[in-house]
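Chemist: What follows is the residue order along each chain.
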Amino acid sequence: AQSVTQLGSHVSVSEGALVLLRCNYSSSVPPYLFWYVQYPNQGLQLLLKYTSAATLVKGINGFEAEFKKSETSFHLTKPSAHMSDAAEYFCAVILAGGTSYGKLTFGQGTILTVHP
Amino acid sequence: DAMVIQNPRYQVTQFGKPVTLSCSQTLNHNVMYWYQQKSSQAPKLLFHYYDKDFNNEADTPDNFQSRRPNTSFCFLDIRSPGLGDAAMYLCATSRDFGAGNEQYFGPGTRLTVT
Numbered sequence: 001a002q003s004v005t006q007l008g009s010h011v012s013v014s015e016g017a018l019v020l021l022r023c024n025y026s027s028s029v030p031p032y033l034f035w036y037v038q039y040p041n042q043g044l045q046l047l048l049k050y051t052s053a054a055t056l057v058k059g060i061n062g063f064e065a066e067f068k069k070s071e072t073s074f075h076l077t078k079p080s081a082h083m084s085d086a087a088e089y090f091c092a093v094i095l096a097g098g099t100s101y102g103k104l105t106f107g108q109g110t111i112l113t114v115h116p
Numbered sequence: 001d002a003m004v005i006q007n008p009r010y011q012v013t014q015f016g017k018p019v020t021l022s023c024s025q026t027l028n029h030n031v032m033y034w035y036q037q038k039s040s041q042a043p044k045l046l047f048h049y050y051d052k053d054f055n056n057e058a059d060t061p062d063n064f065q066s067r068r069p070n071t072s073f074c075f076l077d078i079r080s081p082g083l084g085d086a087a088m089y090l091c092a093t094s095r096d097f098g099a100g101n102e103q104y105f106g107p108g109t110r111l112t113v114t
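Those protein sequence lines, which keep their order, are chains A and B.
Residue 25 in the working numbering is what sits at position 25 of the first sequence, and the numbering runs on without skipping anything.
Residue 88 in the working numbering is what sits at position 88 of the second sequence, and the numbering runs on without skipping anything.
Hints in this document: simulated from the structure, not taken from any laboratory.
One or more of the hints may lead you astray.
[Said to hold, decoys possible] Label pairs and their computed distance ranges (CB to CB): (1) A/L46 x B/R9: 17 to 27 Å; (2) A/E66 x B/R79: 37 to 47 Å; (3) B/S80 x A/L56: 24 to 34 Å; (4) B/N30 x A/P116: 41 to 51 Å; (5) A/S3 x B/D96: 19 to 29 Å; (6) B/Q41 x A/L46: 14 to 24 Å; (7) B/S80 x A/S9: 28 to 38 Å.
[Claimed, not checked] Distance condition first, Cα-Cα at most 16 Å in a straight line; then the derived EDC-like pairs of lysine to aspartate or glutamate: (8) A/K49 x B/E102; (9) A/K103 x B/E102; (10) A/K103 x B/D59; (11) B/K44 x B/D59; (12) B/K44 x B/E57; (13) A/K103 x B/E57; (14) B/K38 x B/D85; (15) A/K103 x B/D96; (16) B/K38 x A/D85.
Keep in mind the model is a prediction, meaning the values are calculated, not measured.
Don't be surprised by glycine CBs; every beta carbon is placed ideally from N, CA and C.
Isolated chain A, as found in the complex (with noise of 0.2 Å):
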């Protein structure tokens, strides 16, 4: 079976700080990890994706993830938060087999806050 754990459901940062978003992944088989973005009583933004090309992604407004197979992590991170960073953040984790081929299946999310 498949699963995401996203360490750590709320995490505050003062703007201009490093942003570090934590998310595991448990999977016997090859992963495609994705980061999505939520903002209040909005849908879900697409921040970036892993398909095994490269091990670090760049996404939009700023954010990479680095794929550590040996950790089994996909952790977030953005060297300097803006004040529009602000919003919950889902790590995803899509199976390349398996029964749960082709779903998307998330972590809890983490609200990130950001303080002037």
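Chain B: place on chain A using the hints.
Modeler: Just chain B now, with coordinates in the frame of chain A:
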């Protein structure tokens, strides 16, 4: 711009009164999905269509139905809404079904049941 549109953005219905939520897409994608997202939770897949083929999740209540009359439109019907069905309903599309296909989400419809 190509996009996923959901109408209405906010819907209020009465307990037990049928309600229909609408989704349309201009991406010409083959797959359309419906998710339910309750407060402070991750989205939960209800079902998806691959073209005209309907795929229901095993734990989706029978109270939830869907229709896809053509490539562009997909509807979510809740036959007898209960208070527990109050949630954000998200429609998403993908070009194909499979691991590398990212999903594009609409803005959602927030359903309130009174």
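Chemist: Next step is simple, just say for each hint if it's right about the structure.
Modeler: Hints and how they fare:
no. : hint                       : verdict
1   : A/L46 x B/R9: 17 to 27 Å   : 20 Å, holds
2   : A/E66 x B/R79: 37 to 47 Å  : 46 Å, holds
3   : B/S80 x A/L56: 24 to 34 Å  : 49 Å, violated
4   : B/N30 x A/P116: 41 to 51 Å : 45 Å, holds
5   : A/S3 x B/D96: 19 to 29 Å   : 24 Å, holds
6   : B/Q41 x A/L46: 14 to 24 Å  : 20 Å, holds
7   : B/S80 x A/S9: 28 to 38 Å   : 33 Å, holds
8   : A/K49 x B/E102             : 8 Å, holds
9   : A/K103 x B/E102            : 10 Å, holds
10  : A/K103 x B/D59             : 14 Å, holds
11  : B/K44 x B/D59              : 10 Å, holds
12  : B/K44 x B/E57              : 10 Å, holds
13  : A/K103 x B/E57             : 10 Å, holds
14  : B/K38 x B/D85              : 9 Å, holds
15  : A/K103 x B/D96             : 11 Å, holds
16  : B/K38 x A/D85              : 22 Å, violated
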